[in-house]
Structure formats: structure tokens, C-alpha cells
Amino acid sequence: MYRNQYQTLEQLLGGVEVAPSGKLTVMRGDTVRVTVGFSYRGTALSFGLRVAIGNKGVTFDEIAYATKPTISVPASAGFLAYTAYVDISTAAIAPQADLDLYAKLTGLPGADLLTPYYLNVIDVLGAPEFQNFAITDYSKV
Amino acid sequence: MAKYADIVDIIAPASAAQGKRVDVTVKVKNIDPIYDHVVACLVIVDGLRFIDEVAIIDSGETHLYSGAFLMAGGDVTIYAYSYYPKPYAVPTEWILDDTAQKNVALAVVYKGTITKKELDYEDSWRSIPVYNIPTGTRVRVRITGRNDMASNQKMGAWWQVKDPGGGVVNEYSKWETSWTGPGNAQEFVGSSFDLNKVGTYTIAIQLFMNPAAEVVVDDYYGTLCKVVAAVPEPEFSGFAVKDYSKS
Numbered sequence: 053m054y055r056n057q058y059q060t061l062e063q064l065l066g067g068v069e070v071a072p073s074g075k076l077t078v079m080r081g082d083t084v085r086v087t088v089g090f091s092y093r094g095t096a097l098s099f100g101l102r103v104a105i106g107n108k109g110v111t112f113d114e115i116a117y118a119t120k121p122t123i124s125v126p127a128s129a130g131f132l133a134y135t136a137y138v139d140i141s142t143a144a145i146a147p148q149a150d151l152d153l154y155a156k157l158t159g160l161p162g163a164d165l166l167t168p169y170y171l172n173v174i175d176v177l178g179a180p181e182f183q184n185f186a187i188t189d190y191s192k193v
Numbered sequence: 387m388a389k390y391a392d393i394v395d396i397i398a399p400a401s402a403a404q405g406k407r408v409d410v411t412v413k414v415k416n417i418d419p420i421y422d423h424v425v426a427c428l429v430i431v432d433g434l435r436f437i438d439e440v441a442i443i444d445s446g447e448t449h450l451y452s453g454a455f456l457m458a459g460g461d462v463t464i465y466a467y468s469y470y471p472k473p474y475a476v477p478t479e480w481i482l483d484d485t486a487q488k489n490v491a492l493a494v495v496y497k498g499t500i501t502k503k504e505l506d507y508e509d510s511w512r513s514i515p516v517y518n519i520p521t522g523t524r525v526r527v528r529i530t531g532r533n534d535m536a537s538n539q540k541m542g543a544w545w546q547v548k549d550p551g552g553g554v555v556n557e558y559s560k561w562e563t564s565w566t567g568p569g570n571a572q573e574f575v576g577s578s579f580d581l582n583k584v585g586t587y588t589i590a591i592q593l594f595m596n597p598a599a600e601v602v603v604d605d606y607y608g609t610l611c612k613v614v615a616a617v618p619e620p621e622f623s624g625f626a627v628k629d630y631s632k633s
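The listed protein sequences derive, respectively, from chains A and B. Read in order, the letters of the first sequence are residues 53 to 193 in our numbering. Read in order, the letters of the second sequence are residues 387 to 633 in our numbering.
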């Protein structure tokens, strides 16, 4: 429990990468960098990457997303490993816990290729906010 | 039977091609066991005297009379004659002593050309060498030969294809069933075979005429094709989110 709290503080400061299915907590307005990995073999190919944060129900309700329009890979007879990332702004996400995440490759010769859905992996906290700021009393001390 | 100058042999080829030089040597032996003799030798072909020489031949010895002519456009016969003089001291007459002859046949010079060397790749015939063929491709060879003779000829072809390791992967040897006319071409198509190795495949080709005593009229050795590793259909694996962080 203590360790989890410590991780969360680090995450709030930024720069700590969380691997699925760990939880990342961010403040609303922060940017989340999502890195994907895949291996590919075949003819030279160009395609797109789309990563979304949202809620997985029957379908995936995307609240925020980011795309990388073009990823180009060279022809290869054997599998070669690649990574790519996108940065997703959370400005449009109302503070809430347990958001879900997934990514897909688009523009392929066939259907889009989806990652698994990663459930309950992102919490978005509200922006720092003050309320009822006022002098409550004053006295001689 | 000669009295003194016996024509022992006419040395000449049995055949020669038109226009080629034909060297002839006539061997004449003085068969007189006691005396030397002056002996003249005359050699004629098609009315042309190309050897006309006088020599003193010792008793029992053999002299060689040599000359040459150019082969005509048909078979020829070489006629050789030996003479001795009479009287010996002051010759006033040459006495014919011996005769001999030899036939020289006109040799046929077969002429043909390999005009096309092709590979059946992706359902079309392409001139060799062909490059960047993916491994696993099935191909065929087609060789075209032209009859450069003025007469009908039966042509044949042989070839051998070797893979980058030197192994024979395709071999062909066949005579056409009929004839090919002057200036016409004949195709020879081999069986299909697979290109399973990366690298350079080579081919050796020979074009033949005259099945009775086959003559190579043209040949070729060189690269048939270059094979590269096949690129498979697009395929992904392990697509997943690796990590996410606040940036």
C-alpha cells in the first residue's frame, strides 16, 4: 500500500512509465505518452497508429485519443521489432478513475489491428482547485 | 605396277569445307634396287596442276611432293602421276610410270545461332538474365535456335541449369522432330523447376545440327537469374501497449 502510494506520487511528478496493467494517475490536462510495440515481416508498408483513452463497454467509448498518421516499415523476410508512441492530452477528460486504454494500427491492407483492451489503468484527477477562500476570523494573539 | 617411281600414298583429308586450303602430299618411292632416278610428279585437281616437281630419288628411297589447293563447292578427285625421263643422260621424253587418285568430299559447315534465351517467370517469357526473383519461384527455360544454313536442318538443344551451390537443377536434351528451313527458328522449352536457393543460377547451352554426327553450331554460358529471399505477406505479431506515462 505504501509502495503504491509512492509510485503514484512519482507518476504525478511525471516521467515514470507504467507497464500494463499498472495504473497511471495524472492530473487533468496532463499529457499521457503511450508507447506500443509490435513485430512485422513482409513487404514495405505504411500505416497509422491510433491510441485512445476511454471506457470499454460493449464498444470502446473514446474520450481522448491521439494518432500518428504514418508509420513506415521496410520489407523484411523475418520479424523485426518496432516501437512507436503517441501523446494524448487529458484536457478533455473529466476527472474520473479507472479509465481504459487501447491502440490500433490503421490503414493496413486488411482490417485494423487492435491491441488488447487495458482496463482500469488510468485515473484522471481534477485540476488543483480552491473553494471558500475567505478570512474566517481575526483576534489578538 | 610402276617401273621405278611408285606412288605409295596420297596424303590429303577425306573432306574439306568450301574455300578451305587442302594440303596434299604425294609419296613416291624409287623402287629400282640399283639406280637412283630422276622422277617428276604431277598432281592435278579439277584440271589445276598444283604440284609439278622433279626430284632425284635414291634407290629404294621415298620422296615427298607437296602442294595445296582451295576446296571447291563440290567433291573433288586428286590425280597424281609419276614420270621418269628417257633417255636418262639427256632426257627428251617423260615416261608415265604410275598413277593414283584420292577423293576429297565437300564438308558441310553447319551454321546456326542461339537467338533467344528466355525464362518463364510470372507467366511471361523474359530474356535472361532475370534479377530479383524470390525464392520458391517455379520457372522454365526456353531457347530459340535459328538455322543459318541454305538448306533444311534438324536442330537440337542441350542445356544445364545449376543453382548457386553448383547443383544441377534442370537439364534438357532434345532434337526437333522434323526440320527447320533456312533462316527459320526453332524453340526448345524445358520442364519446370523451382528456384529454392538465394544467389546466382547459371546456364550452359549448346545448339546442335546433324544428328548423325552432332555438331555444336552455337553455345552460351552465363547467368540465368539471380534469386533473392522471398518477402512474405505482411504479418504483425505482438502488437501491444508497452507502457504509458505522464510526459
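Calculated from the structure, these hints are not laboratory results. Since the model is a prediction, treat every value here as computed from it, not as a measurement. Check each hint, because a few of them may be wrong.
Claimed, not checked - List of simulated lysine-lysine pairs, DSSO-like, C-alpha gap at most 27 Å:
#	chain 1	residue 1	chain 2	residue 2
1	B	K503	B	K406
2	B	K502	B	K406
3	A	K108	B	K503
4	A	K156	B	K488
5	B	K628	A	K120
6	B	K540	B	K502
7	B	K503	B	K413
8	B	K503	A	K75
9	B	K540	B	K503
Claimed, not checked - Quick list of simulated restraints, FRET-style, between CB atoms:
#	chain 1	residue 1	chain 2	residue 2	range
10	B	R512	A	A143	57 to 65 Å
11	A	S98	B	K612	23 to 31 Å
12	B	E508	A	A146	57 to 65 Å
13	B	Y517	A	G89	32 to 40 Å
14	B	T586	A	P121	40 to 48 Å
15	A	P161	B	E557	36 to 44 Å
16	A	A71	B	S623	15 to 23 Å
17	B	K560	A	A136	54 to 62 Å
18	A	G109	B	S623	39 to 47 Å
Beta carbons: idealized from backbone N, C-alpha and C, even for Gly.
Hint check:
no.: 1; hint: K503/B / K406/B; in the structure: violated, 33 Å
no.: 2; hint: K502/B / K406/B; in the structure: violated, 31 Å
no.: 3; hint: K108/A / K503/B; in the structure: violated, 63 Å
no.: 4; hint: K156/A / K488/B; in the structure: violated, 94 Å
no.: 5; hint: K628/B / K120/A; in the structure: holds, 16 Å
no.: 6; hint: K540/B / K502/B; in the structure: holds, 18 Å
no.: 7; hint: K503/B / K413/B; in the structure: violated, 52 Å
no.: 8; hint: K503/B / K75/A; in the structure: violated, 67 Å
no.: 9; hint: K540/B / K503/B; in the structure: holds, 19 Å
no.: 10; hint: R512/B / A143/A: 57 to 65 Å; in the structure: holds, 59 Å
no.: 11; hint: S98/A / K612/B: 23 to 31 Å; in the structure: holds, 28 Å
no.: 12; hint: E508/B / A146/A: 57 to 65 Å; in the structure: holds, 58 Å
no.: 13; hint: Y517/B / G89/A: 32 to 40 Å; in the structure: holds, 35 Å
no.: 14; hint: T586/B / P121/A: 40 to 48 Å; in the structure: holds, 41 Å
no.: 15; hint: P161/A / E557/B: 36 to 44 Å; in the structure: holds, 41 Å
no.: 16; hint: A71/A / S623/B: 15 to 23 Å; in the structure: holds, 19 Å
no.: 17; hint: K560/B / A136/A: 54 to 62 Å; in the structure: holds, 58 Å
no.: 18; hint: G109/A / S623/B: 39 to 47 Å; in the structure: violated, 28 Å
Violated hints, listed in ascending order, are 1, 2, 3, 4, 7, 8 and 18; each of the other numbered hints is respected by the structure.
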